[in-house]
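As they're listed, the protein sequences go chains V and R.
Numbering-wise, my numbering puts 167 at position 177 of the first sequence, and it's gapless, one number per residue.
Numbering-wise, my numbering puts 110 at position 120 of the second sequence, and it's gapless, one number per residue.
Worth flagging that the hints you see were computed from the coordinates, not collected in a lab.
No false leads were mixed into what you were given.
Chain copies aren't distinguished; within one or between two, either way the pair holds.
When the alpha-carbon atoms are kept at most 25 Å apart in a straight line, the in silico DMTMM-like pairs for lysine to aspartate or glutamate are as follows:
1. K67 <-> E19
2. K213 <-> D155
3. K67 <-> D170
4. K103 <-> D170
5. K213 <-> D42
6. K67 <-> D106
7. K216 <-> D126
8. K67 <-> D57
9. K67 <-> D126
10. K208 <-> E128
These numbers were taken from a predicted model, which means no experiment stands behind them.
2 protein chains.
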Amino acid sequence: MRKLLFEIAYKGTNYHGYQVQENAITVAETLQNAIELVFKKREDITGCSRTDTGVHANQYFFHMVTDNNIPTQAAVKALNNTLPGDIAVLSCREVPMDFHARYSVTAKEYLYKIWDNPLPNPFLDGLVLHARQTVDAEQMHCCAQEFLGEHDFIGFCSSGGKTHDTIRQIYRISAERKGDLVEFRVLGNGFLYNMVRIMVGTLLPCGAKVPQIGDIAKILASKDRKMAGITASPAGLYLNRVIYDAAFLTGGSCEIKKES
Amino acid sequence: MRKLLFEIAYKGTNYHGYQVQENAITVAETLQNAIELVFKKREDITGCSRTDTGVHANQYFFHMVTDNNIPTQAAVKALNNTLPGDIAVLSCREVPMDFHARYSVTAKEYLYKIWDNPLPNPFLDGLVLHARQTVDAEQMHCCAQEFLGEHDFIGFCSSGGKTHDTIRQIYRISAERKGDLVEFRVLGNGFLYNMVRIMVGTLLPCGAKVPQIGDIAKILASKDRKMAGITASPAGLYLNRVIYDAAFLTGGSCEIKKES
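Next up, chain V with everything else stripped away, as it sits in the complex (with noise of 0.2 Å):
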């Protein structure tokens, strides 16, 4: 026996999410009945994280326990030929047994991408949120700096998240413009259902109401929902980078960074 760990990238926008559910078509199902026809045998696989219906991956990790002796390499190959186009596996490789791809996680980084030219792209439909008002790249960066740090996310999750434990640590958090797209990026130890769409959904302008400096800090403090802004579209979020304990990964990192 031995236990794989696949990096893969996924456009989302014809899933319902990664996780598998009766009667929708997933991401985590879809791996299963390529990897069913590649090792010719069922297995179970254990995702990072869970991603939302629409929501992509540049990278994403799964692991794997199997008795098949396939070579990683022909493995990785044989999936991308059986896999639907939107779904790649980008490398394969083996971790020891006690390597978690959940549980191993030290860091996530997702990536929201805003379009706000007034004229809709058709290329980045599914691919991005299309705000029909000019976001401040500059303004959006400086009021996110203030969820720097260690803070209790109560009022930026959903109802339905599962975890009682509500502190979150963010190590980075930026938004930086390239042309007529707003990057967002922010790193953190770990996420809260919905934690980064209701960021986002809070610093974008909504109508004449522009977030100013000091307003996160106060709706953090509220720890009410109700102070936080929309849940922004799942389109234009991205899982962007995983990163594990180096301790457990043998022939070099495992944090590669894929960017679209």
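Following the hints, put chain R in place on chain V, whose structure we already have.
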């Protein structure tokens, strides 16, 4: 009555080409449905070109004669609020009644995108040709120069094309690497059915057979479809630029380059 010229862009993945067909969703029919809602009347529209199933347009024009007096900017906004996210209206202007979206075209540029990283990119699915072997963009560029000038392109035309005149003129042609993408561009006075896709299929290496200097001239001279390569996938093809006689167009050039 007035004649309006609309500039649009679309992702062709979900459409059976531009031209209206029975029992298939096309770009033209989707536009007519949106126009009917905005203009309160079903209008005929005339496009600048046919495009095949799955082919995209960074720039496309159609004209329409209407007695509706809606301001052009309001029409753009209302249509974009009505159309699906994979079709965007970029501009609208009044043109002389003797302007014709198709017959007034003086030149067109096509773009063909080839992705040659061995790993697939889920965000480019349907938007590129995924070449399984590395493309030598410089060699492709050099070989392509033999297409320049006036030639009989009958060997680079699929049966099903309706024209008898198979002479076309190529003004500019290039292949350029941008990271893992190779961008092939061709500007000409007109193109036969599947001509650009057959040009690409002939320029790409096929197994051990890599096109050499002199090959294209020989195939052109043969006027034999069987001498040319395969018809490359529609997924990589974009109508990229449509050029009209400037005499028709008041209020600024109509040559608006839009690239993804």
